[in-house]
Every structure is written in structure tokens, then in C-alpha cells.
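Trainee: Using the hints, position chain B against chain A.
Chains as they are written, first to last, in the working numbering: chain A, 2 to 200; chain B, 2 to 200.
Just so you know, the hints here were simulated from the structure itself, not pulled from any lab data.
Certain hints may be false.
Put simply, identical chains are the same to the list, so a pair is met inside one copy or across any two.
As the list claims (entries may be wrong) - Okay, derived cross-link-like pairs now, DMTMM-like style, lysine to aspartate or glutamate, Cα gap no bigger than 20 Å in a straight line:
#1 K47 / E164
#2 K60 / D187
#3 K60 / E180
#4 K60 / E7
#5 K60 / E163
For clarity, every value in this text was computed on a predicted model and none was experimentally measured.
Protein chains: 2
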Amino acid sequence: MSATVEFFFDVGSPASYLAWTQLPRLAAETKATVAWRPMLLGGVFKATGNTSPVNVPAKGRWMTDDLHRWARRYGVPFSLNPSFPINTLTLMRGAAGMQMRHADRFLGYVDAIYRAMFESPRNLGDADALVATLREAGFDPGEFAALVADPEVKARLIATTEEAVGRGVFGAPTFFVGEQMFFGQDRLEFVREALLAAT
Amino acid sequence: MSATVEFFFDVGSPASYLAWTQLPRLAAETKATVAWRPMLLGGVFKATGNTSPVNVPAKGRWMTDDLHRWARRYGVPFSLNPSFPINTLTLMRGAAGMQMRHADRFLGYVDAIYRAMFESPRNLGDADALVATLREAGFDPGEFAALVADPEVKARLIATTEEAVGRGVFGAPTFFVGEQMFFGQDRLEFVREALLAAT
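Chain A with its partners taken away, still in its complex shape (with noise of 0.2 Å):
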């Protein structure tokens, strides 16, 4: 039997990118299945009452270096984005889209976000910044903005996200095996121990 993680997150997170660069690894090892589940982290933030970490000036200045640390640990490149943080509603639309309309490409495009994110930063809030990002990574951004405002694209994702509040989810990344939740890529050891429990 196959294990599932469910993995929800959003491309303005950090701490998702890096929980996105570990996570197929973790699948392997754990010969699990993992369920993406893109959502808009400032959604979760406006219906919990949560903050990003960086309206705490200290706390902003440290989780910059705590995340260099395990981007060092996991031996992943990793820039905080000098645009951070960006409103990512068009991109996550882009997300949710990708998979319900071209479920082939999804992961390619959350790649491509992502790297454009935190690993080579650009201004994802740029439009131009965004058409170049799209088109390097071979899709057409004509389609992309048709994709963003279809109405059952924006439907999903708020579905997603009013889920995800609706399950506990206070910030990005969460993960879920079965009814157990855990938050933060820091936590994938303990999700690495619950898909072994639940083969």
C-alpha cells in the first residue's frame, strides 16, 4: 500500500520552495504518493489571523538565516528574493490551473516559478518579469493570462485554500498524512516517519 502526503503550499514561500526541493526524494524513500496542493498562503493568513514571520523584524532577520542553513543542508542553491514578499494570486491561479487544465506541465511550472523565486530571483509581481519566466520555460504567456481568469481556475483555488483553513492550516508549508498535520519544511522528518507508519 501507497501512502499519501499532502502537500500544501504556496510559490511565495520559502520555506515551501525548500520543502518542494525535498520532497520527491522523500517520496521515494517512503515510496509515497504526494498530492500537490497549491493554495494562497495570504488567504490562510487572512482567515486565521496568522503573519507572515517577517512583520517581526527579528524574526524576519533570522529566519533569513535559518533558511540558508537547511537550503545548506539540503544542498539546494537558495537567494531570498529581494522582491519578498509578493502577492502571489496570479501565480497560484497559474497553479491551480496548470492542474486541472494541463496536469502534464503542472510540476514543470511550479519548477519554473519557484526557481524564478528563490533560486535565480526575479519580481514575480512584474508582469514583464512574469512573461519572461513563462516563456523560458516554454509557456505561452497569451495562454497563462487566459488560464489566471478562468473562473473555475480562481474557483479551485479558493476551494484548496478554504480546505486547507477548514482542516487547520495556519501556514505554508502544511503537510497532511491522512488526519495528521504538520507545519513547516522542518518538520518533514516527522513526515518521513508517518508515511513509514501508514505503508
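Mentor: This is chain B only, laid out in the frame that chain A set:
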């Protein structure tokens, strides 16, 4: 050469309690010295704009599960105190005072308080419960009352709290190895690495 880890903590913080249970072994394994730095977490919050995670209800619920998971991993008892959070001003003045005036009894005091906070929980905001806890641990409540009213003791707690804030502390527990700061009992592995690298 022996490295030193500074441990900034408040007895009201359940994550600080978990770190407290792990530090003796960590120090032994890394041949490090622990510099105990009692501070007032409420003062840190006020100075930095940070707040207790329990102020976001969904985060507070998850944190309870998370603390129990860590306690199981560490193999230590843990009960969330039903009186949590409490005002720890008197308790932390006690810690600062023991360290100043009765250094040989400092660890025994903190241990007794942590056990009454998170092992067999009592409401230590209640004067009778505090007196009973002190008596059972062999402390004279009258001497304790004089200690926590001592202006030099009060000043020491303020000074340590201000020093912490000045060095970037925004929560508890926080560890320093030299200039490197680590926040959270879930960063003890990074503390261990820093101590090993420093020797």
C-alpha cells in the same frame, strides 16, 4: 577548548522546557558549557512586536500536537499546562535571583518550576501553588519572596532581557554559539553542529 552555548529561556515557554530537558546531554556530547540566561519572554515580545503562537488559534492547536510529538521523540514527560500562558515575572525573577545569590541552587529551582509547569502542571500564577512547589523542592517561601523583591535581582532580569533583544532575540528558547543565533528547541541539531565546529 570547550565551546559555550548560551540558553535564553523563560519557564513559561513549553519549547524552552523541551530544550531544557535536552541540553545536559547535548552539552555532554559536545563537551560544551551551558550559559543559562533567564530572560522575561513577555518583555521580549513587547520589545520586538512578536506574540505568543497561541494568539493564532489554529497555530496554538497545531503547536500542542507538535510539542507532544517532540516530547515523545525525546522520551520526556510533557503536559500542556491548563493555566498556560501565565505571567512569569515572579518566576523569572526567581531564576535570575537564584543565579545571582544562590548559584548552587539555580538548576534545582528551574527544574522544580519546569516540572510544575509541564510535567505535573500546576497554576504557578497562583500564590498557594507556587508556595507549595517551592516547599516541596526545599525552598523557603519567605526567602524566595525577599529574593524576587530585591531591586538588584529585578534589574538583572531586565538587563538580560534587554541584552537578548539587542542581540536579535524575539522568542524562546534562543541559543547563541558565539555570534550565531538559533531560535527554537527544534534547532538543537544546528546548535550541536555549531558547538562541534567551535571546539
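Trainee: Of all the hints given earlier, name the ones this structure violates by number, lowest first.
Mentor: Result: no hint breaks.
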